[in-house]
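Engineer: Keeping the supplied structure of chain A fixed, place chain B with the ligands upon it in accordance with the hints.
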Amino acid sequence: MAYEPGMDLAGGGRAGRLRGLSGKLPAWLLYFTLPIILLLVWKGADMLGYIKPYTMPSPEKVAATAIELVRNGKLVKHIVASMERVLEGFFIALVSALALGVGIGLSKRVDIFTTLVLQILRPIPPIAWIPMAILWLGIGETSKVFIIFLGAFFPILVNVVDGISGIDAKYFELASVYEIPRKKLILRVILPGATPSIMTGVRVGLGNAWVCVVAAEMIAAVSGVGYMLSDGRSLSRPDIVILGMLVVGFVGKVMDDLVKWVRAKVLVWA
Amino acid sequence: MPDILEINHVCKRFSQNGSIVEALRDINLNVEEGNFVSIIGVSGCGKSTLLRIIGGLETDYEGSVTFDGMPVTAPSRKKGFVFQDHRLLPWLTIEDNIRFSLPEEQEDRESIIRESIRMVGLEGFESAYPKQISGGMSQRVSIARALSNDPKILLLDEPFGSLDAITKINLQDELLNIWKRESITMILVTHDIDEAIYLGNSVVVMTPRPGTIKRVENIDLGEPKKRTGPIFSRYREIIYREFFTEANSPFIYNL
Ligand SMILES: Nc1ncnc2c1ncn2[C@@H]1O[C@H](COP(=O)(O)OP(=O)(O)O)[C@@H](O)[C@H]1O
Ligand SMILES: [Mg+2]
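Residue numbers (the numbering used here), protein chains in the order written: chain A, 1 to 270; chain B, 1001 to 1255.
The hints are simulated quantities; they were obtained by calculation from the structure and are not laboratory data. Accuracy of the hints is not assured; some may be wrong.
Stated by the list, open to error - What the simulated footprint calls covered on chain A by chain B, stretch by stretch (three residues with Cβ under 8 Å from a Cβ of chain B suffice, anywhere in the stretch; the number is not a length):
no., region
1, 185 to 195
2, 201 to 209
3, 262 to 270
Computed from a predicted model, the values in this text were never measured in an experiment. The beta-carbon is built from N, C-alpha and C at its ideal position, and this holds for glycine as well.
Same shape as in the complex, but just chain B:
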């Protein structure tokens, strides 16, 4: 498969009341079409900034980002974005939130809406308002909304960050199923090591201040993927080592 995304020498600085924060330094990353890339790093290491640059939400940076052979200059429906806060419009029903995201001239608009609601298992909640459904359901709608626009890439910024463990596992499996079925390229930002390994077929480890890519690890958990067992543990060990040196490894204290 060709590379759908090419990130070359991306640097990003924020100036905040006089002081300058170097959020990203010399980021280089290529993503092959159809891949699932997890980006993991501590909070504040620039994960969201990088994802927003890829999505075209942040345009003031150095370096170049090419998506599908074209430089990224603005957000677009082809680059689906799932925000951590689900970002449903509170004044629109579930159904209307999805309808809102589709162009007026879209063919088969109603059947697309019905199909995407069915895909995330929310039949019966079409006319509920966001405040009436749970956080997990809201994030489902947000994913359905992005997918209904038939994106070539889906960018997810800690989509399950605020969900309880069980809901999180369910949604991770649903996302994995969608990825296998639709073969959309996905980039998921997370601070959860297990999530990064379980979902991604490659894990990008970032370090903070300035945000750089420290390591890219290809993951092969076999089929079907398992969240436990020796293969998973080995990957987890590798990623752990990137965050915790021997001296401050949490394992030491457990002994």
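Pulled out of the complex, with its shape left as it was, chain A reads as follows:
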């Protein structure tokens, strides 16, 4: 569980046992303690000469590179390029997984018709599609959006179907008493009833989409954070690679926080 403001880290259970160790630290400070320790270890190893600058740069070298790339706008450009691909692929996945998921959730026949193909396609990692995606779609945007789509589609689909099958049958009975037409049933009972599960799918799907964009860009792209990583490697600039990795991690965290915030808003009723 991530730290969120107002969370009681010194509360009962497992956190309670940590009290002896960290009871004097306020939660927000505890939150930053481990990153600071890791930074100090990194810096210490650098000062003691354990790490070679051509394999692992010092923290301030990475910081300097970060400032340079922010100044000349390249970092923002790469992040925006990756984000655009992710959002595009993710939304196509969301809409199609919702549509197919509702179809499967409502019709046994649609379920049987699609299940074998879906079950075989699902375990194939999106990254394994990259060679075919490049062959079929070239190295342009389409192939990358396709990979992201695959990464987001299956987690969302599985959760939409699970969410619908988890809706208590008593609500369908209620709908029959009030003679609710099919379209209204989908909009007012099925989609909202499946929303807790759909939000889980959205969270996993968006996380996957972000992993996939980086992978796809490392193989075929001239922009994006994944390209930044592979470019850093070919330039023998480990500082750029480390910075790229940190950016991937940080943006991923922020996106996940955003999804959790949206989920809390959407599920006020739960």
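Structural biologist: Then chain B with the ligands, alone, in the frame of chain A:
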């Protein structure tokens, strides 16, 4: 008044992992329009099954059920159903739960919603979610939702079963007032003898395994109805005797 509901020779069996449960055997009951019928029996005697058959929620049975001159084949808005678990949609506000139950093309939809919320005294809670209100309030909304659809009959399955005694009494009185004012036919299933006598102008006593109708007792408590006093006690005695023979009557142990 003519009979709005005719139940003839209804039998219902459930088959559950190989074994067959005879839930209802040869049920015959006619309900006159505008009546308030209480059905009482121990848990598992088939009360809910019978009510669900009347409501059209259960269609696989023997015998016939005629409502308003037509065989019952499916649930409908004209047969209001109040479930024990109130069954509000948790993701819709109180107001939206009622709005949900009304057809899109319903005239005066908004004023119907406002009026039904007012009728059950829930003004101010329109935009609350079900989890934010009490069990008694939820059951009020559930009754308001059923009534807003202007049903010809209201079927209530132990609607007050899970409420505390005081809330229960309040809701019973509200239901009685609604029945007098709107003159809707009501069928209420309960396992509470006092509730059955106080609300119904006839009490149907069911016995279990298989579920059969043992007795139909007409009730006249006078006006206004009282929950205490000799008339009430006499009816209570009659119904008690249907459940407890001399040998195992709880009174014996009290002596
Ligand atoms: N869907 C079902 N499947 C199998 N048996 C059922 C089902 N519904 C009810 N029964 C059985 O039918 C009998 C009557 O049940 P019910 O009508 O719910 O009783 P009551 O409402 O009086 O408590 C019980 O023995 C119950 O176990
Ligand atoms: Mg029951």
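Engineer: Hint by hint, which ones does this structure get wrong, listed from lowest number up?
Structural biologist: Violated: hint 2 alone.
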